[in-house]
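Student: In case you want the letters, here they are:
Number of protein chains: 2
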Amino acid sequence: MSEVPVAPEAYRAYLQELRRNAPKVTRGLVLVYTGDGKGKTTAALGIAVRALGVGWRVAFLQFIKGPWKSSEEHIVPLFGERWLFRKLGRGFTWEHDSLDEDQAAAQEAWQEARNVLLSGDYEVVVLDEINYVLSYRFLPVEMVIETLRQRPSHVHVVCTGRNAPEALVAFADLVTEMRKVKHPFDQGVLAQRGLDF
Amino acid sequence: MSEVPVAPEAYRAYLQELRRNAPKVTRGLVLVYTGDGKGKTTAALGIAVRALGVGWRVAFLQFIKGPWKSSEEHIVPLFGERWLFRKLGRGFTWEHDSLDEDQAAAQEAWQEARNVLLSGDYEVVVLDEINYVLSYRFLPVEMVIETLRQRPSHVHVVCTGRNAPEALVAFADLVTEMRKVKHPFDQGVLAQRGLDF
Numbered sequence: 000m001s002e003v004p005v006a007p008e009a010y011r012a013y014l015q016e017l018r019r020n021a022p023k024v025t026r027g028l029v030l031v032y033t034g035d036g037k038g039k040t041t042a043a044l045g046i047a048v049r050a051l052g053v054g055w056r057v058a059f060l061q062f063i064k065g066p067w068k069s070s071e072e073h074i075v076p077l078f079g080e081r082w083l084f085r086k087l088g089r090g091f092t093w094e095h096d097s098l099d100e101d102q103a104a105a106q107e108a109w110q111e112a113r114n115v116l117l118s119g120d121y122e123v124v125v126l127d128e129i130n131y132v133l134s135y136r137f138l139p140v141e142m143v144i145e146t147l148r149q150r151p152s153h154v155h156v157v158c159t160g161r162n163a164p165e166a167l168v169a170f171a172d173l174v175t176e177m178r179k180v181k182h183p184f185d186q187g188v189l190a191q192r193g194l195d196f
Numbered sequence: 000m001s002e003v004p005v006a007p008e009a010y011r012a013y014l015q016e017l018r019r020n021a022p023k024v025t026r027g028l029v030l031v032y033t034g035d036g037k038g039k040t041t042a043a044l045g046i047a048v049r050a051l052g053v054g055w056r057v058a059f060l061q062f063i064k065g066p067w068k069s070s071e072e073h074i075v076p077l078f079g080e081r082w083l084f085r086k087l088g089r090g091f092t093w094e095h096d097s098l099d100e101d102q103a104a105a106q107e108a109w110q111e112a113r114n115v116l117l118s119g120d121y122e123v124v125v126l127d128e129i130n131y132v133l134s135y136r137f138l139p140v141e142m143v144i145e146t147l148r149q150r151p152s153h154v155h156v157v158c159t160g161r162n163a164p165e166a167l168v169a170f171a172d173l174v175t176e177m178r179k180v181k182h183p184f185d186q187g188v189l190a191q192r193g194l195d196f
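Note that the protein sequences, when read in sequence, are chains A and B.
Oh and the first sequence: position 13 is 12 in numbering that gives the first Met the number 0, straight run, nothing missing.
Oh and the second sequence: position 195 is 194 in numbering that gives the first Met the number 0, straight run, nothing missing.
Among the hints, erroneous ones may be present.
[Stated by the list, open to error] Taking lysine-lysine pairs in the DSS-like style, the calculated list, with each CA pair at most 25 Å apart, reads:
| hint | chain 1 | residue 1 | chain 2 | residue 2 |
| --- | --- | --- | --- | --- |
| 1 | A | 68 | B | 23 |
| 2 | B | 86 | A | 181 |
| 3 | B | 23 | A | 23 |
| 4 | B | 68 | A | 181 |
| 5 | B | 179 | A | 179 |
| 6 | B | 64 | B | 86 |
| 7 | A | 68 | A | 86 |
| 8 | B | 64 | A | 181 |
| 9 | A | 179 | B | 181 |
| 10 | B | 181 | A | 23 |
| 11 | A | 86 | A | 64 |
| 12 | B | 86 | B | 68 |
| 13 | A | 86 | A | 181 |
| 14 | B | 86 | B | 181 |
[Stated by the list, open to error] Now the stretches of chain A that chain B is said to cover, found in silico as 3 or more residues with beta-carbon under 8 Å:
| hint | stretch |
| --- | --- |
| 15 | 14–27 |
| 16 | 44–52 |
| 17 | 102–115 |
| 18 | 136–144 |
None of these hints come from the bench; they were simulated from the model.
Yeah, the Cβ is synthetic: ideal placement off N, Cα and C, and Gly gets one too.
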């Protein structure tokens, strides 16, 4: 696959004009997508696209590192520096030998996410699968909430993953539980590239 | 706002290469996102982006016409003919005087959607808010299911909206209920452009 032609002139100008006309965030919200159903990361991706459409900047930060390049990564470069898409930490696959190692890896990932949140450079910051990390106590939820409190007020944050901790649900502005009613994997249908990842 | 620079050479070539390498759909699925929580249309938008990322073609068909241009529409043209984004019917805002008029408008919208589904031109077809239309019986659910049965087998379909009818849930491969746990509108926070629409 050839490289994406990053930001040719015409697109750069168009994106810059979107940016100039971007609405100010009146009050940054904390959104939580949780539950055992499909659609959590997918909805966060939809939020990202909508935000890019009004000229906002988006940081999509992944706490779980997939074994291959996700489908959506192929179009990220079309948006130049407007869309930061990043797997956090180094080789952070949650297959460590001890809780200590998991916690150390989580801390490292969290420092990156924290810097992005506090920088105020992105109107939307997605913390993909952070609920999973929190529910296993790899990170203390109080620390994450403290940073959410400190963040610049124009920053929307989206937290995805199963088992969002109660304290995060209490702190959030919007919480949706994606509840599994029916899932094709249960009928033996395998995940498909382009649809599921 | 200036026009989007539709498909300059470098991007056209990149998109064509994605298309050449696009995975074949092994079995097209029917996905349903329903429930009273936020994230249904948003998740469908995420599906669209992921599909575009592997070179598939996407038709995003809206059964409810918003009063203004959605944020995501600003980036649709970046994908050229790969992404069809369309409000169905003419002035189809569900503010008619009689059930007859609603049904006639729904039929008109459905004919457009049906043609797109049966053409096989798009690997992913989103029928945004169709559940709403079905739940009000503006369209008979059996007719929609019959078309889903007839569609080419390489077509994934995503149906969004509250109150998905039981027959559609029974027919679908994947069903997620987006359940509202907490919603900022309940606390007096207004919908924001870029985030909610």
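Student: None of the hints should be skipped; say for each whether it holds.
Tutor: Right, here's what the structure says about each hint:
1. 68(A) / 23(B): holds (18 Å)
2. 86(B) / 181(A): Between residue 86(B) and residue 181(A) the Cα gap is close to 29 Å, so the pair fails against 25 Å, i.e. violated.
3. 23(B) / 23(A): violated (42 Å)
4. 68(B) / 181(A): violated (33 Å)
5. 179(B) / 179(A): The hint holds at about 14 Å.
6. 64(B) / 86(B): Holds - the C-alpha atoms of residue 86(B) and residue 64(B) are around 6 Å apart, at most 25 Å.
7. 68(A) / 86(A): holds (10 Å)
8. 64(B) / 181(A): It is violated: about 29 Å lies between the C-alpha atoms, which goes past 25 Å.
9. 179(A) / 181(B): holds (18 Å)
10. 181(B) / 23(A): holds (24 Å)
11. 86(A) / 64(A): holds (6 Å)
12. 86(B) / 68(B): holds (10 Å)
13. 86(A) / 181(A): violated (30 Å)
14. 86(B) / 181(B): Given that 25 Å is the threshold and the Cα spacing comes to 30 Å, the pair is violated.
15. 14–27: This one holds; 8 residues, not fewer than the three required, reach chain B with a Cβ under 8 Å.
16. 44–52: holds (count 9)
17. 102–115: As far as the stretch 102–115 of chain A goes, the hint is violated, because 0 residues have Cβ atoms under 8 Å from chain B.
18. 136–144: violated (count 0)
Violated hints, listed in ascending order, are 2, 3, 4, 8, 13, 14, 17, 18; each of the other numbered hints is respected by the structure.
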